[in-house]
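One letter stands for each residue in the lines below.
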Amino acid sequence: MAPSLELIGVSKAFGAVQALRGVSLALHAGEIHALAGENGAGKSTVVRIIGGEHQPDEGEVRLDGEPVRFGGPRDAQHRGVAVIHQEPTRFPDLNVAENVFMGRQPLRKGRRVDRRAMYRRTAELFETLGVPLDPALPTRGLSIADQQIIEIAKALATEARIIVMDEPTAALSNVEAERLFRVARTLAANGAALLFISHRLEEMYSLCQRVTVLRDGSPVTSERMTDIDHDTLVRSMVGRSVEQLFPKRETKAGAEVLTVRGLTQPGVFRDVSFAVRQGEIVGLAGLVGSGRSEVARAIFGIDDRESGTVTVAGRVLPKSNPRAAIAAGLAMVPEDRREQGLILELPIDRNTSLAQLGAVSRWGLVRSGRERSVAAEWARRLGLRFGGLGDPAGTLSGGNQQKVVLGKWLATKPEVLIVDEPTRGIDIGAKVEVHALLSDLAASGMAVLMISSELPEVLGMADRVLVMHEGRIAAELSRTEANEEAVMRAATGSAA
Amino acid sequence: MTSLLRSRESGIVIALVAVVAVTAIVNPGFLSGQGVHDLFLNASIIALLAAGQCLLVITRNIDLSVGSVMGLTAYMSGQMFLGNQGMPMIVVILAGIVLGAVCGAINGALVAIAKVPALVVTLGTLYVFRGLDYAWASATGVQQVNAYQMSPSFLEFGSGSVLGVPNLTLIAVIVVAVIAYLLKNFRSGRELYAIGSNPDAARLAGIPTGRRVFTTFVISGGLVGLAGVLHAAYFGTINAAVGSGKELAVVAAVVVGGVAIFGGSGTVLGAALGALLLTTITSALPILGVPAFWQRAVDGAALLVAISLDRTVMVRLAARLQRERNRARA
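As they're listed, the protein sequences go chains A and B. Numbers 1 to 496, taken from the working numbering, label the letters of the first sequence in order. Numbers 1001 to 1330, taken from the working numbering, label the letters of the second sequence in order.
Since the hints were derived computationally from the structure, they do not count as laboratory data. Hints should not be assumed to be uniformly reliable.
[To be verified] Quick list of simulated restraints, FRET-style, between CB atoms:
| id | chain 1 | residue 1 | chain 2 | residue 2 | range |
| --- | --- | --- | --- | --- | --- |
| 1 | B | Leu-1309 | A | Arg-249 | 53 to 61 Å |
| 2 | A | Asp-75 | B | Leu-1309 | 27 to 35 Å |
| 3 | A | Asp-75 | B | Ile-1113 | 16 to 24 Å |
| 4 | A | Gly-191 | B | Arg-1211 | 31 to 39 Å |
| 5 | A | His-230 | B | Leu-1119 | 50 to 58 Å |
| 6 | B | Val-1313 | A | Asp-75 | 38 to 46 Å |
| 7 | B | Ile-1113 | A | Gly-387 | 27 to 35 Å |
| 8 | A | Arg-120 | B | Leu-1309 | 30 to 38 Å |
Remember, it's a predicted structure, so these values are computed and weren't measured experimentally. Beta carbons: idealized from backbone N, C-alpha and C, even for Gly.
Assemble the whole structure, with the sequences as input and the hints as a guide.
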């Protein structure tokens, strides 16, 4: 039987950049196919070609053995292709059901939208997915996990035969990811062909039957998942072997620099107390929605808190005042680098200087020479791969964007660094670099508070692990006590 | 969401009732038949313009050329009667709608095909269309068309009424009702909200965003054309300056009516009520003894109050949703 969808010798260039070179890929009905590669390897371009957003320069796309040329996203959808995008593409002003069915609402007499059927079918979809989400809920303010579920419901609603999942698990907790895998397996069992992209290798092994690896736009290998071992897979992705994913250096903890006492915001978190010492990496674990990021945002002063104190190096921080937090030596790398960490349209150097414009200014005027030299210094120290410092930050790959965010905050010479999901959606090579950097920073005496949904990262990097559950700190585990089971037990609220 | 919008519209109604009550207490003559009649006539024309503008603002666009397009179509109606005083009314109305739609199509093509921001395009066409209007007046030497030169049936239609409801108001109510129904019940209507809420996501959802935006400009232009002709029929005296400055009053009405200026939310009923509220305030001011030159300032203040209220409600709502969600999860 011909593959449901096949790419044959596809090449694509954007201006001078050759994004894909002769990529071939066959998606078979009933099979989940992994697409692996570092960021910038061309995975997103493959996704866009399958989704009809781009047309290949060379080579062809075949649907059930027949060559096709998609006229656009809508054409691809009509032919049974659904793409679950990495960045959720929601309409914040519309409710859940409208988001799921936009452009393909069920109709009744007179081509009018059948709202009742739409709500009913949305509720059914969420039931299939095992998530209770009210179809009439406005989507403004939904968590990323919930947005991702809506994306999946969208794909289900089209009854697509070819489903592309572009890093669907990047923002999900283990429980949520497991739920997604169940859905993916069911879809495949019902005859859909799936293309699955993830940076988590364990996920590929547990979910996929085949893997195609891209490097610098070229296909490196295409194997059955059972025929390729972990190390070979990593080597083929990064083109070298990765000795250690978590290059953790042993450090001696010094004085307490960040002290949080009784932090409370009703309905969000309650009575959160902990301390971070110099040279220490403290992991903040917990399920999505347990209040981890909210605590970090309240410490930094982006969100309000009702009571509790935050002390940085002996100075008590005022509420809701990020400026004071920065002045006191606090820095925060936020969860969503595209929305909160960077101004994508601005050049790299301007992004780097944003948190400390005062330091690069004289008489209130920004000195662009100074700005550029600071940016150049951090680009060098962080091993940033870029064209020019004047390029918009949005043109960088995810891992390099994250380095710009880190550079921006490190340039403020902080004493305490809060990082929220530091390696979300970045490739293995860049992940190792970020981990090594965090480790070096701690070794040089910085106090690091690291929030992460990836347990291996927390376990591999943290000296101590705080586990949050329902807005409270449910457990504090030392590096020796912390293991996957203990963290999950605390995070899910099971008695220890 | 519906309950929020509903409360938004009821908010305008409450403001409206308050303005009317206060004014009527100061001067009961405000509620006389003639006063109310005039008020509704004036509001109807703005409401037609606001209905079209509302569609555009929902898609994250704007049309600043409405005043000029209205002036152009009103002037054309006058010219048509100068050519032939017996010109059938329906021909004049249709010609006005077509001319308005053509102007809308020019705006729409520049926005949707040439991808120039609507604010810039329509700022340009605001001057271009007005310029054409003046050029036409000076080329023909007709600075003003007076009532006696128009067809009597046309003028009767403009000031006439059915069962006490002015014809113009009937037309405005029908237009608003039809648009509200289309927006709520048809895919293309829902898609306008999607386009305004997140244009990139709308494109990925397979919505032909360019075509939708273009069509919206054409429809809005047609409504502006209709409003221009009705203006001619109601006032009976036309010059090339008709409709000057109307664009800001219309945008104000739309925003006061709860249509988010960055697109994605709002209703045409709200926009029409916004038009009614601003017109009522304008008529109430002289009765309340406020000098007429304060009128603009009061319009502006109403706009600012409406926007601040929206903002406050939005922030509160987001905070509440967040809390409920966290609680639901816990």
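Q | In rising order, the numbers of the hints this structure does not comply with | A | Per hint list: single violation, 2.
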